[in-house]
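Colleague: Build out the structure end to end from the sequences listed, making use of the hints.
From first to last, the protein sequence lines are chains L and G.
With full-length UniProt numbering, you'll find the first sequence wraps up at 601, consecutive numbering, no jumps.
With full-length UniProt numbering, you'll find the second sequence wraps up at 389, consecutive numbering, no jumps.
What the hints contain is simulated information worked out from the structure, not anything from laboratory work.
Don't take each hint at face value.
What the hints assert, rightly or not - Covered stretches of chain L (in silico footprint by chain G; criterion: 3 or more residues with CB under 8 Å from a CB of chain G, positions within the stretch not fixed):
no.	region
1	236 to 244
2	542 to 551
Unchecked claim - Partial list, computed: chain G residues near chain L (C-beta under 10 Å):
no.	residue
3	Ala-265
4	Arg-268
5	Ala-277
6	Met-315
7	Arg-319
8	Arg-321
9	Leu-349
Quick caveat, the model's predicted, so the values are computed rather than measured.
Heads up, the beta-carbon is just placed ideally off N, CA and C, and yes, glycines get one too.
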Amino acid sequence: MTDLSLIRNFSIIAHIDHGKSTLADRLIQHCGALTDREMKEQVLDSMDIERERGITIKAQTVRLLYKAADGLTYQLNLMDTPGHVDFAYEVSRSLAACEGSLLVVDASQGVEAQTLANVYQAIDANHEIVPVLNKIDLPAAEPERVRQQIEDVIGIDASEAVEISAKTGLNIGAVLEAVVTRLPPPKGDVTKPLQALLVDSWYDSYLGVIILVRVTEGRLKKGMKVRMMQTGASHTIDRVGVFSPKLTDLPELTAGQVGFIIAGIKTVADTQVGDTITDDQKPAAEPLPGFKPSVPVVWCGLFPVDSSQYEHLRDSLAKLRLNDSSFDFQPENSAALGFGFRCGFLGLLHMEIIQERLDREFDLDLITTAPSVVYRMHMTDGEVKELHNPADFPDPVRIDRIEEPWVKATIMVPDEYLGSVLTLCSERRGVQVDLTYVGNRAMAVYRLPLNEIVFDFYDRLKSISKGYASFDYEVDEYLEGELVKVGILVNAEPVDALAFMAHRSQAEYRGRQICERLKDLIPKHLFKIPIQAAIGGRVIARETISAMRKDVTAKCYGGDISRKKKLLEKQKEGKKRMRQFGKVEIPQNAFIEALRMGEPK
Amino acid sequence: MFGLYIHWPYCLSKCPYCDFNSHVAERIDHQAWRRALLTELDHYAARTPGRILTSIFFGGGTPSLMDPATTAALIERARQHWPTANDIEITLEANPGAVDRDKFQAFRDAGINRVSLGVQALDEEALVFLGRRHDRTEALRAIESAATLFSRFSFDLIYARPGQTPAEWRDELRRALPLASAGHLSLYQLTIEEGTRFYLDHAAGRFHIPDDDLAIALWDVTQEEMNRAGMPAYEVSNHARPGEESRHNLLYWRGGEYVGIGPGAHGRIFENGIDYATRQHRAPEIWLKETLTHGHATRTNDPISRRDRAIERVMMGLRLRDGIDPTQFEALGGIALRDVLDGDMLELLIREELIAADSLHAGAPLRVTAKGMPVLNAVIAELVADSDG
Chain L
1 MTDLSLIRNF SIIAHIDHGK STLADRLIQH CGALTDREMK EQVLDSMDIE
51 RERGITIKAQ TVRLLYKAAD GLTYQLNLMD TPGHVDFAYE VSRSLAACEG
101 SLLVVDASQG VEAQTLANVY QAIDANHEIV PVLNKIDLPA AEPERVRQQI
151 EDVIGIDASE AVEISAKTGL NIGAVLEAVV TRLPPPKGDV TKPLQALLVD
201 SWYDSYLGVI ILVRVTEGRL KKGMKVRMMQ TGASHTIDRV GVFSPKLTDL
251 PELTAGQVGF IIAGIKTVAD TQVGDTITDD QKPAAEPLPG FKPSVPVVWC
301 GLFPVDSSQY EHLRDSLAKL RLNDSSFDFQ PENSAALGFG FRCGFLGLLH
351 MEIIQERLDR EFDLDLITTA PSVVYRMHMT DGEVKELHNP ADFPDPVRID
401 RIEEPWVKAT IMVPDEYLGS VLTLCSERRG VQVDLTYVGN RAMAVYRLPL
451 NEIVFDFYDR LKSISKGYAS FDYEVDEYLE GELVKVGILV NAEPVDALAF
501 MAHRSQAEYR GRQICERLKD LIPKHLFKIP IQAAIGGRVI ARETISAMRK
551 DVTAKCYGGD ISRKKKLLEK QKEGKKRMRQ FGKVEIPQNA FIEALRMGEP
601 K
Chain G
1 MFGLYIHWPY CLSKCPYCDF NSHVAERIDH QAWRRALLTE LDHYAARTPG
51 RILTSIFFGG GTPSLMDPAT TAALIERARQ HWPTANDIEI TLEANPGAVD
101 RDKFQAFRDA GINRVSLGVQ ALDEEALVFL GRRHDRTEAL RAIESAATLF
151 SRFSFDLIYA RPGQTPAEWR DELRRALPLA SAGHLSLYQL TIEEGTRFYL
201 DHAAGRFHIP DDDLAIALWD VTQEEMNRAG MPAYEVSNHA RPGEESRHNL
251 LYWRGGEYVG IGPGAHGRIF ENGIDYATRQ HRAPEIWLKE TLTHGHATRT
301 NDPISRRDRA IERVMMGLRL RDGIDPTQFE ALGGIALRDV LDGDMLELLI
351 REELIAADSL HAGAPLRVTA KGMPVLNAVI AELVADSDG
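Modeller: Below you can see the structure in the form of structure tokens.
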């Protein structure tokens, strides 16, 4: 058993690309946990997608042994947390398992929106915070300015911020010293009944479910029978240990420590994140405070391009869910796209990542429909329904009122782009809450309907600020709005997968935009095709695709019919990449491209 | 209906737009080629006994580069194998630069009764662009020779060339019409085919072909001028005074049976109740060697299902102005025409006036309208039911 004063549990929080994972790598390397040969870029980001996109999706943990300047060897438990807003719930869990945080800020860029969101979470979790200025080696680094910014915007003392370069390894030792000297050790009593927080769990195809725990009181031993206080289920512990970062078995974990247990659990669904694990024989009196469960806020339809892949899609979604209980899926049947699933995600990045994993890891070709938020429908008979899919929009006469989710968004942007950012926010029905300046950067806080940002708000923001704006949001509350369902008719037939919800003030503009886009996306047919947007029976926009006038009529040569037949086969093959809708064939990408707002045409 | 196609693969030079099986050779052993073509003819004749031969077509390549003695030998051998129709059509493709009056005379003596000249353009500049070996004067001389020696002849023109305006094309056509005294013209739009020099030039942006709007304007000029001259299109690209249509090509379009010999030649033959698609080896030297040693150089001899053959007949038949006669269609292939069509699409295409309204009513043919012809490929793709459907 280790003396608690020799343990430090800490997280690293940062805005995306500020160097969090690189710093984690350096700390691991400095403590000699991995040989140089084992070291690969960003060891804690184990998924390909994480490494490629430079983001962390799942929280990871590693135990390091550090011989400090005072001559003592400390046990450091590092929790690497996701930086993106979509995974805020993962951040809050990791933070709950630690006593302190390293706040990494890019010394050339300064505080960004995600820095703020994460640091506020750390402050809420009563963390001691050590600011770290990274990328100090860059010519553009302005440590003094950023130090001042941290004090002004966040309100924490930055005079002793550690100046480092995670890339070159400069001053990594000073970071470790700061962890030891400035962050508090955990509290806890090994003699008390066991209380351990279930921080996270994931499925490993060899080992089954692995549970990440933070022991708060008592001890967690191999062979011991434990009980999940919330679910009531009991399990016998097969293995106990830590990540160093390799899976390393230990006889026990004691109060104050972070590690894993394996207990013969088959699916992640049997473990509830935030649950308290206690001794089955001698249970604790009280569970630890848990977490709010994460709720999907963005939904979209996923349909296999080849309908015979439906089963494969279902199995793949189920497999992904084994590791990520935060997304949800239910069968959906579309007249245009056939059988598929309506899937719920924590946010847009989460949605993109799941889609990308389905494509890469499961080799699935998918048609994705436009994302939609969850509307609350108050019916005239008093019933309240959740609407995940515009296609399920009920008969309007039965609706009393509709509520939509709003978010609180924080945008940080250089002064020169502020004007366009404010215009974008008001176009998107935003309500300004706050506008402050820090140096030459403005921080705008807005309340915005989630619906207005799910599609391309972030892309637009990046494009109008030349990439300099940063953005973060949290889901706030539901508010009543004048919302309508806009249907799209192609050749006079409604295409359910293209229907969308919009605020009445924007329905016409969006309807017209989509009709224009479809006009470009749907190839010419042998007949002209009207495209209409309509609210109920009222047409609000219309475009027409003119009929095809000419295609190739090549010379027919010497009885070579096979050549003509190949052409026909090629044409038929091309049709397979389309969705037959009535008499019209709609290319698969149209279902998402049409609703992408983006730059006005 | 039974035809014989004979492929002569050699040209004096390769044209930049041509993706046919044509080759340039330093030296040709005419004796060996004659022997080989006769040998392969014998082989296929043995597989198709008892037919009445209605047409022979010498295509290429440039078959006017053949030794007329070879042509004569092949015609004679064909007459020995099959009884021939009294009005048998025997066509030879010829290039203006590769034939003179004496050689035409020799071909006529060999039995040729129709020639098809690869004139391609009447403008000097266009002839250069198309990489033709002849100039305008040679073209006119060849047309004149053909006209004096053959009662039936035709020539080809290629239009929708880069930069060509409808007015220029109309003018060229009006100059061509008096020359087409035998009442047949083939008018092809320039298409850019893979594996040609034009394909690379076009991809590199060295020239541009007319866009759809201009192409349709050029097409309309073609139809107007040819209708006015009494030589309407009887097929997408072929125009004739009634009665002067190419019978051999009609045979392809009507889904008849034909034997193809020579390098890369295709055939469709009916043997023991089964349709076969045949193709000979494409490379001239290998074809020659194999034919001389094995009696034929067949590369493909695939049975095709009745349904697939029926679909071929739809694809080919709809190219004809007169369309497909449902009674003949069923008699030929044993499948009703309606059974290979998508019924809903047929109705839709009729509504859109792309297929004639009376199609298949009371035995009327299935026919593409004048409006439908320029989009024929798309019409066919819609109309032919998926093979599993």
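Colleague: Indicate, hint by hint, whether the structure satisfies it.
Modeller: Outcome of the hint check:
1. 236 to 244: violated (count 0)
2. 542 to 551: holds (count 5)
3. Ala-265: Constraint on Ala-265 (chain G) satisfied, holds at 7 Å.
4. Arg-268: holds (7 Å)
5. Ala-277: holds (7 Å)
6. Met-315: holds (5 Å)
7. Arg-319: holds (7 Å)
8. Arg-321: Check failed: Cβ of Arg-321 (chain G) comes no nearer than 13 Å to chain L, outside 10 Å.
9. Leu-349: holds (7 Å)
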